[in-house]
Amino acid sequence: MRVLTWLLLRAGSAAFMLLLGSLVVFLLMHAVPGDAALAALGDQASPDAIADFRRLHHLDDPLAMQFLAWLRGALRGDLGTSISLAGGFSTASLIAGSLPNTLFIGAYALLLALAISITAGSIAASRHGRVEDVLATSGAIVTISMPDFWLGYVLVLLFSLELGWFPAYGFTRPGESFLGALHSGFLPALAIAVPMAGIFSRMLRATLLETFRRAYVTSARVMGFGRAFVFWHYVFRNALIPYVTAIGLQARYLLGGVVVVERVFGVPGIGSVMVDGAFARDISVVQGCAVVFLLIVILVNLLVDLLCGLLDPRTAA
Amino acid sequence: MSAAAAIPRSARRRGPLGVLARNRVAQCGAFILVSTLLLIAGIVLFSPYDPNDKDYMAILQPPSLEHPFGTDSFGQDVLTRVAHGARISLLVSVGGLVLGGLAGTVLGMTAGYRGGWLDAVITRIVELLYSFPTYVLALCLMLLLGYGASSVALAIGLVYVPNFARLARSMTAQAKAENYVTAARLMGQSAPRILAREILPNIAAPLLVQFSAGLGFGIIMEAGLSFVGLGVQPPTPSLGVMMADGKDYFQNGPWVLTLTGLSVAWIILGLNLLGDGLRDALDPRLRDR
Amino acid sequence: MTGLALEIRGLDLMLDPLGRRLHVVRSLDLELRRGEVLGLIGESGSGKTMTGLSLLRLEPEGARLTAEIMRAGEADLLQSEEAELRALRGRAVGMIFQDPVGAFNPAKRIAWHARQVLVRRGIADWRPAAERLLAEVDIADTARVLGAYPHQLSGGMLQRTLIALVLAANPAVVVADEPTTNLDNIVEQQILRLFRRLRQTEDAAFLFITHDMTVAASLCDRIAVMYAGEVVEIGTTAQLFEDPLHPYTAALIATARALEGEAERLPELPGEPPSIAEPRTGCAFASRCARRLEGCTLAPVPMIPLEGGRRVRCLLHG
Chain A
446 MRVLTWLLLR AGSAAFMLLL GSLVVFLLMH AVPGDAALAA LGDQASPDAI
496 ADFRRLHHLD DPLAMQFLAW LRGALRGDLG TSISLAGGFS TASLIAGSLP
546 NTLFIGAYAL LLALAISITA GSIAASRHGR VEDVLATSGA IVTISMPDFW
596 LGYVLVLLFS LELGWFPAYG FTRPGESFLG ALHSGFLPAL AIAVPMAGIF
646 SRMLRATLLE TFRRAYVTSA RVMGFGRAFV FWHYVFRNAL IPYVTAIGLQ
696 ARYLLGGVVV VERVFGVPGI GSVMVDGAFA RDISVVQGCA VVFLLIVILV
746 NLLVDLLCGL LDPRTAA
Chain B
814 MSAAAAIPRS ARRRGPLGVL ARNRVAQCGA FILVSTLLLI AGIVLFSPYD
864 PNDKDYMAIL QPPSLEHPFG TDSFGQDVLT RVAHGARISL LVSVGGLVLG
914 GLAGTVLGMT AGYRGGWLDA VITRIVELLY SFPTYVLALC LMLLLGYGAS
964 SVALAIGLVY VPNFARLARS MTAQAKAENY VTAARLMGQS APRILAREIL
1014 PNIAAPLLVQ FSAGLGFGII MEAGLSFVGL GVQPPTPSLG VMMADGKDYF
1064 QNGPWVLTLT GLSVAWIILG LNLLGDGLRD ALDPRLRDR
Chain C
53 MTGLALEIRG LDLMLDPLGR RLHVVRSLDL ELRRGEVLGL IGESGSGKTM
103 TGLSLLRLEP EGARLTAEIM RAGEADLLQS EEAELRALRG RAVGMIFQDP
153 VGAFNPAKRI AWHARQVLVR RGIADWRPAA ERLLAEVDIA DTARVLGAYP
203 HQLSGGMLQR TLIALVLAAN PAVVVADEPT TNLDNIVEQQ ILRLFRRLRQ
253 TEDAAFLFIT HDMTVAASLC DRIAVMYAGE VVEIGTTAQL FEDPLHPYTA
303 ALIATARALE GEAERLPELP GEPPSIAEPR TGCAFASRCA RRLEGCTLAP
353 VPMIPLEGGR RVRCLLHG
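Listed in order, the protein sequences are those of chains A, B and C.
Quick note: the first sequence uses the numbering used here, first residue 446, plus one each step.
Quick note: the second sequence uses the numbering used here, first residue 814, plus one each step.
Quick note: the third sequence uses the numbering used here, first residue 53, plus one each step.
No lab work stands behind these hints, which were simulated from the structure alone.
All C-beta atoms in this analysis are idealised placements derived from N, C-alpha and C, irrespective of residue type, glycine included.
Covered stretches of chain A, going by a simulated chain C footprint (3 or more residues, C-beta under 8 Å): (1) 657 to 668; (2) 678 to 687.
So the derived label-pair ranges between C-beta atoms look like this: (3) C:D177 - A:I568: 30 to 40 Å; (4) C:G360 - B:N992: 51 to 61 Å; (5) A:W677 - C:S96: 29 to 39 Å; (6) A:L454 - B:L1013: 29 to 39 Å; (7) B:G929 - C:Q242: 45 to 55 Å; (8) B:Y1062 - A:R672: 47 to 57 Å; (9) C:E136 - B:R937: 56 to 66 Å; (10) A:I568 - B:S983: 29 to 39 Å; (11) B:R937 - C:S327: 50 to 60 Å.
The following block holds chain A by itself, in its conformation from the complex (with noise of 0.2 Å):
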């Protein structure tokens, strides 16, 4: 019962900030400067043409209605439609076209930069002070510092240009061909992947390492429990609550990141999308788009919480 209110009140606010969250959207995209009706018909079009533009997308309705009205679209599943792409594609069929491959991407990265983080990690923290702590805590220093896309260019000057592994650009829809989209999805997740182990691993490193003073660590060696056991059963299983946490935090760095990356690999993904809708000023699209990055967002700290509560004893009881 206790969880189920729990539940419900974080599934509450979590609405609650997406809806606070898409009218910043609205309104920041309803600030930019330029006719809606002009981009999307051209300098030529007539008063006429272009009045019943307006109308026709309730161009000029009070700004309360038009949100309100946006809203009620979005949540039926219609985002608008896309101005710059002849055809007059609707910005939710683009959107859903593009976030597959993007969430593939996503969380290839994220599977690709957890289990280097983990492997790392807890080398360095169970080997403290000693020559893999230092080989492993300055690797994860130095790819902090490279920027994720230029870290892409390199894997494919190196895997692609060199040694002929993996594609160099382009991407097979994980619809078409899952294999498909393993292989050529593997540069451009491992360029999202290797900064963000960096990050993971430092953390969970930070964290193992507070971990290994705990009482309950000595108390287990006392009950002559092997180094193995105890790391994985006391060390490991209790800072997963902390290195999960902190994972969440990196959400809106990962996604970020993604929507750069997919430009250097030409992957069709939302951010494509979004970075393409921009060039075009296509309000429509650009406004679902950061909605959607949001609800990715939200949606993945509030797995995060769930996923603590079910790892924490104190909770699930």
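Use these hints to put chains B and C onto chain A, whose structure you have.
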């Protein structure tokens, strides 16, 4: 043994300069930064090339003694352009962090000190800002303000407002409970005065650490925005603009993009080392970037 | 075969944090017979806990431990093989801690802890065994305790559980490091009563570390007094209380009596214990001792054996 000598070194109060005198990591970072800045100044002042000198007889030459970083598609000397670009990128990043730092600190300290509904409202806004992916927030702002260096600085500032606000809020709320603040309040000092005179000096160190750590990511953001074409616009030679240019002929002249990016990473490494050293020495609890 | 549960001869422990050499345990001799309770008493920083951890060979990393003899039951504790030591931990020497809440893995139920300990002892059918063990330490509601997470149980309950788990391995020696200090008075009395009963029924010998003379007096057969890394006096509880030989022992007992209300005012001990970092020339207690002799500061004072197995590190009795 005198009483002062019995206190462990780390417990003594010391400023950032004192840290620099003892912390090896901070020293290493400071060395990288100072030497690189000197190098940049030297190149800007004494380079035989102008960043915009085009030499169509020497297009896309690989690195050599004459052109240590090679030349780009206009025959311009890449090293000279990197030095000029680094200056601009650093300015943009510093400007953004100063803006974001000021706004975030004011917001956070107000929220932490006043509490109540104001705290609730500010916390919500900050949380919202923190929920936007970095480049998404920046892109929306660039659309609103138009492209260019000052807009990029503003965008970096906006992205960093929540980081400073969260930090300032929690530390101010902590400091508020301390005796020295209670004493100042009992003496009838005004809230702004207490915040500026009593609390700020005591929470400045972690904010400074956040600032130095943020500078690195500010440079990455400038580079990223300019790289996709939505940031600093050519011909202004920011590092991001140069990398965007270099990607167009990446296969024929990979050194332009690679070496420019390497310079970026080198500067950021210096900033990160300095920030790490400061953090370890001043406040080991800080782990966010 | 010595027939002793624990035998330590010439134990020295040197810590080396950041290049500062700390000599925390100095030429320490102790012996425990089976079924005996030895109190190890001293103020904080006197090296009691480090002595306890040394018995489990869990001295801090980078520490240097040397001894002529260190045996628990049949086991030689001076091994260097980590695998061998791990096999000895829990089996030869068990340990109980001051903070029972912190001694349990907060992410796991008590049943998990019990299973790990018992399965490791080769008891596959662990659940009935666990219930029996908990019942032995006066826990009635064994099912509830086994199903609970550590944060759901009281300190006293957790301390009983920890004692049960440690005794499950039948160790030759149990080190109990201030096991009642963090508990409130009523629970402390219950745990002390439990210890008094366990020493009758269990084979194990107990090394009971405490700073509280009264607690030690109520439980221990013999008492060893530690000061600044050294044992300064060791003897039966009766010997020590009737006729304390070392001035420091006398001061401790006087303070304990004063707290019990047998004296008018609290006796004071001027000064502070010497630094454990500095090399020592004479008796560690000399600077605070009212009955100091000239020889006290000149050379290290050896342990002087007296009648009835008593030993004291004081020139007044040489």
